[in-house]
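> Take the given structure of chain A and dock chain B to it, following the hints.
Now for the letters of each chain:
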Amino acid sequence: MTQADLKAANRRLLKRLGFVIVGMFGFVYALVPLYNVFCDITGLNGKTSNEAARVANVQPDLSRTVVVEFIASVNESMPWEFRPKVSRIEVHPGKTYRVNFYARNLTDRAMVGQAIPSVTPGQAAAYFKKTECFCFTEQRFEGGEGRDMPLVFMVDPALPEDVHELALSYTFFDKQKLTRLNR
Amino acid sequence: MNTATTHDAHHEEHQGGLLRWVFTTNHKDIGTLYLLFALLMFIVGGAMAMIIRAELFQPGLQFVDPQFFNSMTTMHALVMIFGAVMPAFVGLANWLIPMMIGAPDMALPRMNNWSFWILPFAFTMLLSTLFMEGGGPAGGWTLYPPLVLQTGNAFPFVIFSIHLMGISSIMGAINVIVTIVNMRAPGMTLMKMPLFVWTWLITAYLLIAVMPVLAGAVTMLLTDRFFDTSFFNAAGGGDPVMFQHIFWFFGHPEVYILILPAFGIVSQIIPTFARKPLFGYSSMVYATASIAFLSFIVWAHHMFTVGMPLAGELFFMYATMLIAVPTGVKVFNWVSTMWKGAMTFETPMLFAVGFVVMFTIGGFSGLMLAIAPVDFQYHDTYFVVAHFHYVLVTGAVFAIMGATYYWLPKWTGHMYDERLGKLHFWLSAIFVNILFFPQHFLGLAGMPRRIPDYSIQFTEFNQISSIGGFAFGLTQLLFVYIVIKTIRGGARATDRVWEGAHGLEWTLPSPPPYHSFQTAPEIK
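Here the protein sequences come in this chain order: A and B.
Everything in the first sequence is counted per the numbering used here, starting at 1 for the first residue and increasing by one.
Everything in the second sequence is counted per the numbering used here, starting at 1 for the first residue and increasing by one.
With the rest of the complex left out, here is chain A:
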């Protein structure tokens, strides 16, 4: 191989390796939508739907009892009080229940909050149907205002047999600090 040949061969290989590097950098960003799609299908990350579910004509399964626990927390930059009125109820799949969460703005200025839900175990998320939820919209609280917020839900009777307990967790975030919502 002459010097010129070697230079050309080096340049060719360099270009190919460059493509790999750029490709892998792009791959990381491609992973983000891929991960979301994958989680939507598998329910891996416990995200529940952000739209009201329609649950007409579901036969309640009174022979089965599932424990639902509620957890409420606020993001560290959120000076609110936030808690469920009941922390734990036993439900029959297919039956609709209504529970309340209480939140109070501890500051003296108006604030807008957004609650983000998450269900554990993750694979149960797809079977947790909410027909009405304060998490569907942003919540505006005047300074010092406190009120109850409703959640109406049903556990789908198709919930896998080995799930006996599930936990629904809400975290309240300060809406002003969120300029962008992915969906």
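Bear in mind the hints are in silico, worked out from the structure with no lab data behind them.
Using N, Cα and C, we set each Cβ at its ideal position, and we do this for glycine too.
Careful: at least some of the hints might be erroneous.
[To be verified] Taking lysine-lysine pairs in the DSS-like style, the calculated list, with each CA pair at most 30 Å apart, reads:
| # | chain 1 | residue 1 | chain 2 | residue 2 |
| --- | --- | --- | --- | --- |
| 1 | A | Lys15 | A | Lys85 |
| 2 | A | Lys129 | A | Lys95 |
| 3 | A | Lys7 | B | Lys524 |
| 4 | B | Lys192 | A | Lys7 |
| 5 | B | Lys192 | B | Lys340 |
| 6 | A | Lys15 | B | Lys192 |
| 7 | B | Lys340 | B | Lys276 |
| 8 | B | Lys340 | B | Lys422 |
| 9 | B | Lys192 | B | Lys485 |
[Unchecked claim] Computed Cβ-Cβ distance ranges for the label pairs, DEER-style:
| # | chain 1 | residue 1 | chain 2 | residue 2 | range |
| --- | --- | --- | --- | --- | --- |
| 10 | B | Gly134 | A | Pro79 | 17 to 27 Å |
| 11 | A | Gly26 | B | Asp453 | 39 to 49 Å |
| 12 | A | Thr96 | B | Phe376 | 28 to 38 Å |
| 13 | B | Phe332 | A | Arg12 | 36 to 46 Å |
| 14 | A | Thr137 | B | Val181 | 57 to 67 Å |
| 15 | B | Ala324 | A | Lys7 | 39 to 49 Å |
| 16 | B | Leu147 | A | Asp40 | 20 to 30 Å |
| 17 | A | Arg64 | B | Gln67 | 46 to 56 Å |
| 18 | A | Ile71 | B | Val181 | 28 to 38 Å |
| 19 | B | Phe345 | A | Gly26 | 49 to 59 Å |
| 20 | B | Thr223 | A | Ser73 | 23 to 33 Å |
Relative to the frame of chain A, chain B by itself:
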């Protein structure tokens, strides 16, 4: 850079003075720079470890505040991984790969200069964060959000220094690949290459595949913090767990980047002192390639506890255990190479045999951690700390030290002090076990990592571990002394240096001329 000068200097010996080191494009000079830089960072990272062990000598808070303690564990990891072990391997690659494959230099010498000289800037920036408002990064080297996003002013500097380290090692990896693929001497077929060259070729491919992934992940952290993106912010529709997936997709290949070249080094040293060719050369090559491939599909074993479906836990558990097969092939090949060999135990061989024994201990604790149901107990405890220090200190670092003793006579033309070398090995081997072995027990008993305080029942084992740590740290000053002494003088080394040494680098004089293999040797 001054291209005219470097081109002219190509035909002379070299420029004098300090600027020689700044402008150099010579693979031997750059190899030396990398190795000295790695040694310096090894001392810096080691000093941080001493602070950690001093604080953990007793329960309660003694010397440092918890925030600083956590920034010590974080910085110790970043400095040792990206500043000591990786540059040391790149330095060895620079020195040895051209000489081993009969090439005159690395394929892209100017890029080689650049990839080294980025590093001092990267680490100056990283270490300077310790003096910034809010302190250095303290969320662990894994940089998990949302915790890492609470880092103070240091945050963007940490991210940019990681970008620089990534660019540096990508350029180093490109250079290794192009050199090995295009610059082998006639007759040096792929399956005739020394194993150090093979393992580095595979390592280089791992590097270009995963360093961009790390760069992407930390860039997302940066934009989440400063530009209101929500990659890892649950409030904006993101998911912090996704960071862990992306990070470990980089992180697991990364741990093989830190060990594969060590496999190569040990595969060079053991045949020399067993005076037998390496047992199962081609199986070694295939085993290395299999380990590299498997490293891409096991990442979630670092995050068994995030709440994965059972199928995921099982897949990552079995895939992880599968890695024990090619690794076992390697260990048995090294043992078979020694079997009925005419062995002598000079310092490099002591380090190589120490590597085989203690790396295997680390491998076995890795297998224990791979078992998903029990990992829930071991997760984030000192058991994990003990595991990865066995594979990284008695694995990677011991291999680098063995390599230093093995090739230092070739590089400098002087023999090192064998008596001191053996002393260094035995002190290191004893104290490293006093340092890390008790941490297995601490972890099994439930002591969590990255916490400056602990409950009093852990005191004895922590004190034993700290004493081992201080002694191991002091012992490494002996290593620095031996290396400096050998560079400055010593008995003349022969060209072959070791009776059983084979390979092109041993056909050159000791020290090799500034430009070697200007005309390619013929390999039969």
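> Against this structure, judge whether each hint is valid.
Here is what the structure says about each hint:
1. A:Lys15 with A:Lys85: With Cα atoms ~62 Å apart, Lys15 (chain A) and Lys85 (chain A) exceed 30 Å; violated.
2. A:Lys129 with A:Lys95: Given pair Lys129 (chain A), Lys95 (chain A) holds - Cα atoms ~11 Å apart, limit 30 Å.
3. A:Lys7 with B:Lys524: holds (26 Å)
4. B:Lys192 with A:Lys7: holds (24 Å)
5. B:Lys192 with B:Lys340: holds (24 Å)
6. A:Lys15 with B:Lys192: holds (27 Å)
7. B:Lys340 with B:Lys276: Distance of about 9 Å is within 30 Å: holds.
8. B:Lys340 with B:Lys422: Holds, because 23 Å separates the two Cα atoms, which is no more than 30 Å.
9. B:Lys192 with B:Lys485: Answer violated: Lys192 (chain B) to Lys485 (chain B) is near 35 Å, above 30 Å.
10. B:Gly134 with A:Pro79: 17 to 27 Å: holds (22 Å)
11. A:Gly26 with B:Asp453: 39 to 49 Å: Taking Cβ atoms as reference, Gly26 (chain A) and Asp453 (chain B) lie about 44 Å apart, which means the hint holds.
12. A:Thr96 with B:Phe376: 28 to 38 Å: Because 36 Å falls inside the window, the suggested range holds.
13. B:Phe332 with A:Arg12: 36 to 46 Å: holds (40 Å)
14. A:Thr137 with B:Val181: 57 to 67 Å: Given about 59 Å between the Cβ atoms, the range holds.
15. B:Ala324 with A:Lys7: 39 to 49 Å: At roughly 44 Å between Cβ atoms, Lys7 (chain A) and Ala324 (chain B) fall inside 39 to 49 Å, so the hint holds.
16. B:Leu147 with A:Asp40: 20 to 30 Å: holds (27 Å)
17. A:Arg64 with B:Gln67: 46 to 56 Å: holds (50 Å)
18. A:Ile71 with B:Val181: 28 to 38 Å: At roughly 56 Å between Cβ atoms, Val181 (chain B) and Ile71 (chain A) fall outside 28 to 38 Å, so the hint is violated.
19. B:Phe345 with A:Gly26: 49 to 59 Å: Check passed, 51 Å falls within 49 to 59 Å.
20. B:Thr223 with A:Ser73: 23 to 33 Å: holds (25 Å)
In summary, the numbered hints that this structure violates are 1, 9 and 18.
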